[in-house]
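Asks: Spelled out from the first residue to the last, the chains are:
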Amino acid sequence: MPTIPSIFDTSKPGRLAGGQTPKEGDLTGLPDALLRESKPVLPEVSELQAVRHFTKLSQQNFSIDGNFYPLGSCTMKYNPRGAHRAASQPGFLNRHPLTPAFASQGLLSCFWELQETLKTVTGMEAVSLVPMAGAQGELAGGLMIRAYHEDCGDFERDEILVPTAAHGTNPATATMCGYKTREIGVAADGDVDIEDLKRVVGPKTAGIMLTNPSTCAVFERRILEIADTVHDAGGLLYYDGANLNAILGKVCPGDMGFDVLHLNLHKTFATPHGGGGPGAGPVAVNSLLQPYLPIPMVGKLDDEYIWLDESYCPLTIGKLAAFMGNAGILIRALAYALMLGREGMVRVAEYATLNANYLAAELSKAGFQLAYPTRRATHEFLITLNKEAKDLGVRALDFAKRLLDFDMHAPTTYFPLLVPECFLIEPTETETKAVLDEFVSAMCKIREEAQENAEYVKQAPHNQVVRRLDEVRAARELDLNWSGNKE
Amino acid sequence: MPTIPSIFDTSKPGRLAGGQTPKEGDLTGLPDALLRESKPVLPEVSELQAVRHFTKLSQQNFSIDGNFYPLGSCTMKYNPRGAHRAASQPGFLNRHPLTPAFASQGLLSCFWELQETLKTVTGMEAVSLVPMAGAQGELAGGLMIRAYHEDCGDFERDEILVPTAAHGTNPATATMCGYKTREIGVAADGDVDIEDLKRVVGPKTAGIMLTNPSTCAVFERRILEIADTVHDAGGLLYYDGANLNAILGKVCPGDMGFDVLHLNLHKTFATPHGGGGPGAGPVAVNSLLQPYLPIPMVGKLDDEYIWLDESYCPLTIGKLAAFMGNAGILIRALAYALMLGREGMVRVAEYATLNANYLAAELSKAGFQLAYPTRRATHEFLITLNKEAKDLGVRALDFAKRLLDFDMHAPTTYFPLLVPECFLIEPTETETKAVLDEFVSAMCKIREEAQENAEYVKQAPHNQVVRRLDEVRAARELDLNWSGNKE
Amino acid sequence: MLQSIGVANIDELFDEIPDSVPVANFRAIESSLTEMEMVYRLAESAKQDELGSCFLGAGSYDHHIPAAVWDLATRGEFLTAYTPYQAEASQGTLQLLYEFQTMMASLAGLDVANASVYDGGSGLGEAILMAVRSNRRARNRKIVIGGAVNPFYLKTANTLVRNQGIELVDVPHENGVFDPKQCPIDDPNVVVVQQPNFFGLLENVDAISNWVNERNALLIAVVNPLTLAVLKPPGEWGESGADICSGDGQPLGVPMASGGPSFGFLCSKMKHVRQMPGRIVGKTVDANGDVGYTLTLQAREQHIRRAKATSNICTNQGLLVTAATIYMSIMGVSGLRNTASRCHENTKYLVAQLEATGRAQRAFHSPYFHECVLRCAGDVAALTKSMITDHGVLAGYPLGEIDESLDDCLLLCATEKRTRDEIDRFVELFNRILNEG
Amino acid sequence: MLQSIGVANIDELFDEIPDSVPVANFRAIESSLTEMEMVYRLAESAKQDELGSCFLGAGSYDHHIPAAVWDLATRGEFLTAYTPYQAEASQGTLQLLYEFQTMMASLAGLDVANASVYDGGSGLGEAILMAVRSNRRARNRKIVIGGAVNPFYLKTANTLVRNQGIELVDVPHENGVFDPKQCPIDDPNVVVVQQPNFFGLLENVDAISNWVNERNALLIAVVNPLTLAVLKPPGEWGESGADICSGDGQPLGVPMASGGPSFGFLCSKMKHVRQMPGRIVGKTVDANGDVGYTLTLQAREQHIRRAKATSNICTNQGLLVTAATIYMSIMGVSGLRNTASRCHENTKYLVAQLEATGRAQRAFHSPYFHECVLRCAGDVAALTKSMITDHGVLAGYPLGEIDESLDDCLLLCATEKRTRDEIDRFVELFNRILNEG
Ligand SMILES: Cc1ncc(COP(=O)(O)O)c(C=O)c1O
Ligand SMILES: Cc1ncc(COP(=O)(O)O)c(C=O)c1O
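Protein chains in written order, with numbering that gives the first Met the number 0: chain Y, 0 to 486; chain G, 0 to 486; chain D, 0 to 436; chain A, 0 to 436.
The set of hints was computed from the structure by calculation and includes no laboratory data.
Please note that a few of the clues may not be correct.
[What the hints assert, rightly or not] When the alpha-carbon atoms are kept at most 25 Å apart in a straight line, the in silico DSS-like pairs for lysine-lysine are as follows:
| id | chain 1 | residue 1 | chain 2 | residue 2 |
| --- | --- | --- | --- | --- |
| 1 | G | K299 | D | K46 |
| 2 | G | K432 | Y | K55 |
| 3 | G | K11 | Y | K432 |
| 4 | D | K141 | D | K268 |
| 5 | Y | K55 | G | K55 |
| 6 | G | K197 | Y | K432 |
| 7 | A | K154 | D | K46 |
| 8 | G | K55 | Y | K444 |
| 9 | G | K22 | D | K384 |
| 10 | D | K268 | G | K38 |
| 11 | Y | K203 | A | K307 |
| 12 | A | K46 | Y | K179 |
| 13 | Y | K432 | G | K299 |
| 14 | A | K307 | Y | K299 |
| 15 | A | K46 | Y | K38 |
| 16 | Y | K22 | A | K141 |
| 17 | Y | K11 | G | K22 |
| 18 | A | K384 | Y | K179 |
| 19 | G | K299 | D | K347 |
| 20 | A | K46 | A | K347 |
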């Protein structure tokens with residue numbers, strides 16, 4: 000596959016897609032000084048040229064629809080086309096966001112139903128669908144924790160605790176909430192180091208942010224003790240729902256002592272990741288935090304659905320989006336939930352866990368080192384390629400790049416930071432055993448290659464559209480947009 | 000890109016796409032002897048497996064959306080996505096074919112409009128939209144010619160004349176109409192050999208089938224003389240509309256003496272070819288043949304659109320399709336016609352002709368041999384690689400296969416049969432000059448390669464998913480469906 | 000570009016067109032619309048015709064189609080490719096067709112399938128031509144049409160075959176089904192029978208097949224491919240099975256779309272394969288010995304054999320075959336089977352409810368599958384009209400349109416898409432309208 | 000598989016979950032639906048809300064989207080990829096983002112663009128945080144909101160920034176526009192101004208920009224990106240241009256879809272790039288020296304910099320950016336320009352016709368573009384309600400909802416999609432309803 004010239008390179012001044020160009024409108028009367036003089040750098044191509052360009056570009060992507068994509072923590076499972084279809088109906092797509100509620104009962108009934116479903120799924124009291132991704136859910140959660148403490152007259156709490164293994168969005172969120180981050184250690188078995196927690200928790204603790212299963216890919220066994228410890232110190236517990244897939248229908252975060260959480264609908268509820276987004280990160284809370292939920296939510300007044308705004312929620316942390324968030328993603332998630340049903344939800348957790356444990360077992364038998372060999376895998380697991388790095392000089396990065404040549408996306412690499420040379424591997428419930436077996440073979444094959452010719456693996460990938468890219472140069476010699484003259 | 004195992008190889012008994020499997024229905028009461036016992040060979044895969052399989056398969060195709068595709072006579076131009084969208088509206092897609100006309104006024108008005116448009120485009124009296132491809136249009140035409148002669152009490156005419164360069168569907172159609180085919184020669188300048196025509200035309204001549212521009216890719220200059228000759232002998236003229244793209248808005252077949260014709264809407268009106276079909280081959284006739292048109296057509300009674308069936312058209316040759324033909328293709332063609340408008344139609348012919356003449360000129364300058372160097376190219380043109388075959392031992396087939404490695408589809412090869420080692424090249428109006436220039440470069444490059452290493456070109460393609468395929472073996476050791484045991 | 004060609008303007012490129020041919024006059028054609036304007040215009044037409052529940056079958060069925068089917072089939076690489084002449088650049092389409100052939104042949108219980116003809120109607124015509132060519136022992140060109148074969152298919156087939164001296168002989172049904180013993184012709188060249196037949200009734204296909212076989216005639220089975228997930232496949236009818244199986248692929252993932260595009264399919268025993276019309280894909284190997292696919296047996300086709308070809312077909316219905324292949328892959332064995340059996344159960348329920356109103360009863364008493372004829376106590380034409388006009392419901396096919404003796408009969412089906420509520424509402428409307436009418 | 004793991008059943012795999020945590024109770028959740036049933040159910044909801052012509056803008060606009068845009072954007076390879084962490088296997092998305100950055104930066108007349116934030120509202124919040132981080136010379140954390148900036152954006156931004164001690168100071172508009180001379184704060188850290196502003200009015204951006212610049216403050220321009228095809232780009236405002244430009248990409252090929260998903264964009268001068276939140280793609284070379292693309296400047300981001308990151312954003316709105324990039328490519332210079340100017344002409348026509356009824360007149364007299372405020376002689380709430388309920392028409396945004404002094408005002412626009420007929424019908428309805436009301 001050849002590399003593809005930029006669309007600007009195929010542009011020709013004056014060329015246009017005639018069928019898409021409306022008749023010019025009259026601009027007389029507008030002040031000259033406010034009008035554009037320079038011609039923007041936009042493609043000037045025919046519709047066919049554009050179609051061909053983006054068709055070709057798309058073919059240079061790995062994706063769920065084309066590849067095994069065991070990217071840990073990201074839950075790259077099948078995104079049902081039916082959910083996409085359901086959300087793409089004209090009644091949804093053409094709805095203006097400011098259409099009054101009385102003329103939006105269909106849509107609002109969907110949001111209501113999703114709110115109710117997510118309450119059950121999480122075991123919490125109330126849900127707001129607004130946050131547009133996990134990280135925004137975290138922000139909402141942090142702001143609610145803050146609002147709660149302030150309402151309690153407690154202004155001293157300015158620390159959020161996170162395990163060292165936490166996802167980067169957790170500490171970054173704490174900062175955006177005006178908090179300081181304090182890290183707590185992780186024990187050798189992957190669980191939070193409770194002694195460390197007890198050392199740092201105290202009157203300055205606003206709350207703790209945890210995933211469970213954790214980002215070490217194990218179930219945090221002493222979760223109830225952690226909850227008691229933090230609660231006893233006056234802090235609140237935030238559940239980062241990125242890993243909910245593993246326990247869907249098994250246990251609820253609400254029963255593990257959490258006060259507030261977000262769900263990543265684009266993970267657990269399988270909405271497509273779109274090469275970076277969009278997602279949706281609804282937040283769920285217990286009754287303590289209910290007054291602070293971000294607006295708008297959907298309420299029910301007699302038989303009518305209404306928007307709950309400031310007037311109904313005077314203590315809300317406020318708006319997080321110009322309108323109501325990523326409505327279309329919420330519809331997709333509802334569609335997925337309806338198709339799963341209660342039986343299907345449990346199956347998600349079971350098969351995701353089965354696949355991960357099987358893959359872990361097979362890799363381990365094949366001689367790869369599990370990061371937590373005494374532990375069950377959850378929906379994902381960690382291996383460390385530290386030995387391979389030391390013995391063969393071939394790092395996790397090299398394995399990752401070489402996997403691409405086997406037509407498989409690499410697992411998440413170097414996360415969490417505390418495990419050296421690690422792969423966080425999440426096969427998901429929608430892959431077959433045959434695919435998992437192929438992955439094991441590929442890993443073994445790469446190790447063999449490394450034994451014979453480490454350089455070959457270190458130069459991988461070999462069969463992609465490009466060879467290994469120079470990221471250092473990208474950051475040092477910034478080239479962030481096309482300009483004809485540069486080349 | 001690796002070859003892809005058959006979907007049956009990834010099947011596993013009992014696996015299914017749960018979201019697509021309705022609850023089983025009750026079959027009690029049906030006679031056992033009439034029920035199926037054997038399990039059909041159908042895939043048993045998850046929805047993801049199916050999606051991934053067909054996504055991968057699709058990536059192994061050349062297409063207009065991905066490639067320059069200068070397949071002569073096939074008019075592989077851009078298929079506007081808007082036309083596809085317009086035809087995919089629920090009101091069209093969900094319409095049952097037996098819905099009465101009074102409840103189908105929207106659809107019928109579209110067909111009426113298309114009939115009217117095609118009358119203007121062809122310069123004929125009346126149109127039937129029914130035929131589902133060019134070849135079926137030819138059949139309808141042949142049957143109308145036959146019906147006409149029989150109605151005139153003229154039962155002796157049992158021959159259809161076609162030029163030796165004619166498309167295979169022409170003689171094959173003649174046979175299906177119960178006619179014998181007589182070939183007439185083509186002169187050295189590409190025009191029909193009129194002397195030969197005069198020799199064979201006579202009282203046995205039912206008609207002649209011609210394209211213009213012809214399959215030799217030149218405009219049949221003495222068309223009016225041909226028409227007079229055939230008409231004088233009592234025969235009728237059939238126009239094979241496959242090449243109408245070249246003269247759209249310039250001249251009409253109806254003005255060139257033709258009595259009946261088909262249009263290939265999937266060519267001239269840019270409906271997608273779908274890897275083999277569907278198409279639509281409406282027929283248009285002058286008043287002589289109007290009574291015989293295939294049914295149903297759309298008529299207008301006062302302000303209401305109605306279906307014209309046997310009761311309105313007692314002399315019709317009858318039905319050609321269970322319902323009304325390829326309705327969805329007709330809508331796409333109408334959408335395309337509306338977007339082109341009268342200005343756009345002329346532009347089609349002009350740019351198609353400009354592109355072909357430019358490409359012919361450039362190839363000729365680069366030393367390739369035009370089949371008819373004294374003639375204008377039409378929307379397409381013929382080159383012969385006879386010299387290359389003789390001097391370098393590299394045939395048209397080898398050039399064709401090697402072109403694939405340059406990410407371009409090959410032109411039509413070895414058609415028409417009378418020009419040795421030929422390429423029939425049709426760039427179409429939707430390609431840019433840059434693409435045409437690339438084609439010339441690729442051709443020159445391949446010739447260079449052939450000069451240096453003929454074997455390399457003869458072994459092409461080199462960069463496709465498969466190397467050159469053994470067609471002889473495919474026909475000799477027939478393997479027409481998968482059976483697990485075979486492998 | 001003009002300079003390279005050596006002309007002064009584009010007009011010169013057309014200078015070989017004789018002046019005596021008048022310049023085209025396109026004034027009657029409107030000026031160009033943008034896509035936005037075009038879609039707006041056609042949307043008005045499309046919306047005008049939207050209707051609600053469909054209880055009409057008669058050869059075209061309102062089935063659920065998984066969203067993935069057309070999302071995949073309309074990928075540019077499938078949608079905008081031509082016939083796979085350059086096999087090496089068309090492995091996607093070719094492998095898909097090979098998989099399609101496998102599925103269709105297996106559903107039919109026969110050896111081979113082609114890669115489509117236009118539709119069920121023209122498909123029957125091609126099947127008859129194929130059978131006649133293949134049956135060299137035959138002493139006449141008489142084709143027996145056994146009972147209730149789809150009348151639209153028959154008309155179409157007749158247009159296609161009659162100019163080759165082939166005669167279709169309709170043998171009327173006996174109480175809805177074909178009884179070979181009543182057949183006036185004892186030495187047919189070919190016999191055509193449909194299962195379930197046009198009335199939804201199940202023919203006694205084993206007996207028919209044996210009868211045909213004893214006469215050295217060929218048997219063509221016309222089928223709804225979806226029903227083959229449940230019904231005995233034609234290749235297993237009687238002692239030796241049907242020779243050829245044809246039908247329309249619409250039930251396999253193709254929208255009704257006013258009847259087209261859909262696709263016709265043909266399956267047959269291996270011994271007839273050289274008489275098969277249309278494209279056929281074969282598996283082969285490449286220069287490295289790796290598996291690949293290519294069009295094969297092209298010597299049957301018009302582009303090689305010309306006047307002696309097995310058919311004039313060139314462009315077929317490839318995209319619909321693509322959709323059907325994806326549909327069958329997603330649905331699989333259980334999906335297809337359950338869909339067929341659920342259609343049957345829904346129709347049974349519909350029939351029972353309608354009979355319970357006392358205003359309708361089954362017209363024929365043989366077992367039916369998936370579709371059924373009901374004799375109604377009232378004006379069927381008025382009923383169907385009112386159903387559409389007042390309620391947006393398609394109430395079945397009024398059989399009076401093809402047979403006067405059935406002018407109080409409706410051919411009805413309720414596919415898997417019809418909910419209980421829709422059926423109940425239909426029954427209530429049915430009762431109410433006939434009551435008032 | 001269980002055997003390989005060494006467990007007897009799946010339940011064992013969950014044995015690390017302490018028994019003290021109760022088993023989830025999902026009884027309240029319905030049993031599973033098939034795709035067919037699910038689509039049926041959601042179709043009922045979707046149909047219930049369908050409306051006709053839309054004259055409502057206020058941050059979300061009903062534009063034509065070429066069919067090709069979403070046909071391409073929803074190709075599985077774009078739709079179901081993750082963030083392009085493995086650059087070599089994600090060149091499609093990465094090159095597209097690089098092209099997007101080029102187009103956006105150029106539209107804004109600035110040096111760099113990121114690859115999206117969530118929406119226009121949160122985008123403004125991020126822009127403010129970014130500006131405050133970048134403006135190290137500032138002596139306070141006061142952000143001047145100059146006049147009629149989108150109130151939904153402001154509320155959102157406020158939620159995002161107030162916990163970092165940042166204060167948004169609303170400076171009321173004068174006759175609809177921002178007059179810096181009336182600004183009570185003379186040493187703002189950052190100034191935010193919207194062009195065209197929320198009322199559709201054109202701000203005197205050159206003067207504003209110079210005023211801000213003289214005070215060593217940073218200027219954030221909030222814009223509708225479509226209008227930049229016609230209006231002076233923020234980078235060219237005044238002597239030195241705006242520093243940061245933010246807005247919502249919805250007008251660029253994204254359906255209104257109830258407000259989301261859409262995408263927010265951020266562009267800035269190069270000197271602020273290290274404070275930019277979100278993904279940024281850079282061009283680089285591979286081991287062979289060939290061109291390739293990769294995420295870059297990742298040291299700004301949460302996964303590297305954690306608590307010190309420029310934002311917590313991780314998942315963004317990539318798919319919408321994909322659609323917008325394809326939209327801008329198909330529309331090109333002329334398409335975008337003509338769309339913007341046609342919207343303006345349609346709105347001008349609408350305004351003129353409404354004024355001609357004598358029942359409406361412009362509320363403000365500065366020049367407007369694309370959208371306009373009309374003061375109506377009658378009950379605006381009743382009007383908009385009747386328009387929806389009786390005619391399925393969205394009649395604009397009743398400004399009383401955000402400002403009581405404007406409770407007889409409607410904010411209206413007529414995009415390029417509105418035909419003359421639709422506008423005329425609207426004007427007639429407007430006249431009739433106010434007449435009756
Ligand atoms: C553990 C964890 N927490 C939080 C997030 C942030 O979620 P999002 O990307 O939706 O903002 C992610 C996802 O990347 C994650 O894996
Ligand atoms: C010259 C010519 N005639 C007839 C046909 C037959 O048309 P169709 O393929 O639509 O049956 C073709 C197309 O292949 C053609 O090129």
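Asks: Determine for every hint whether it applies to the structure shown.
Replies: The hints, checked one at a time:
{"no.": "1", "hint": "G:K299 x D:K46", "in the structure": "20 Å, holds"}
{"no.": "2", "hint": "G:K432 x Y:K55", "in the structure": "19 Å, holds"}
{"no.": "3", "hint": "G:K11 x Y:K432", "in the structure": "11 Å, holds"}
{"no.": "4", "hint": "D:K141 x D:K268", "in the structure": "21 Å, holds"}
{"no.": "5", "hint": "Y:K55 x G:K55", "in the structure": "14 Å, holds"}
{"no.": "6", "hint": "G:K197 x Y:K432", "in the structure": "73 Å, violated"}
{"no.": "7", "hint": "A:K154 x D:K46", "in the structure": "40 Å, violated"}
{"no.": "8", "hint": "G:K55 x Y:K444", "in the structure": "23 Å, holds"}
{"no.": "9", "hint": "G:K22 x D:K384", "in the structure": "33 Å, violated"}
{"no.": "10", "hint": "D:K268 x G:K38", "in the structure": "19 Å, holds"}
{"no.": "11", "hint": "Y:K203 x A:K307", "in the structure": "20 Å, holds"}
{"no.": "12", "hint": "A:K46 x Y:K179", "in the structure": "48 Å, violated"}
{"no.": "13", "hint": "Y:K432 x G:K299", "in the structure": "62 Å, violated"}
{"no.": "14", "hint": "A:K307 x Y:K299", "in the structure": "42 Å, violated"}
{"no.": "15", "hint": "A:K46 x Y:K38", "in the structure": "42 Å, violated"}
{"no.": "16", "hint": "Y:K22 x A:K141", "in the structure": "45 Å, violated"}
{"no.": "17", "hint": "Y:K11 x G:K22", "in the structure": "57 Å, violated"}
{"no.": "18", "hint": "A:K384 x Y:K179", "in the structure": "49 Å, violated"}
{"no.": "19", "hint": "G:K299 x D:K347", "in the structure": "40 Å, violated"}
{"no.": "20", "hint": "A:K46 x A:K347", "in the structure": "32 Å, violated"}
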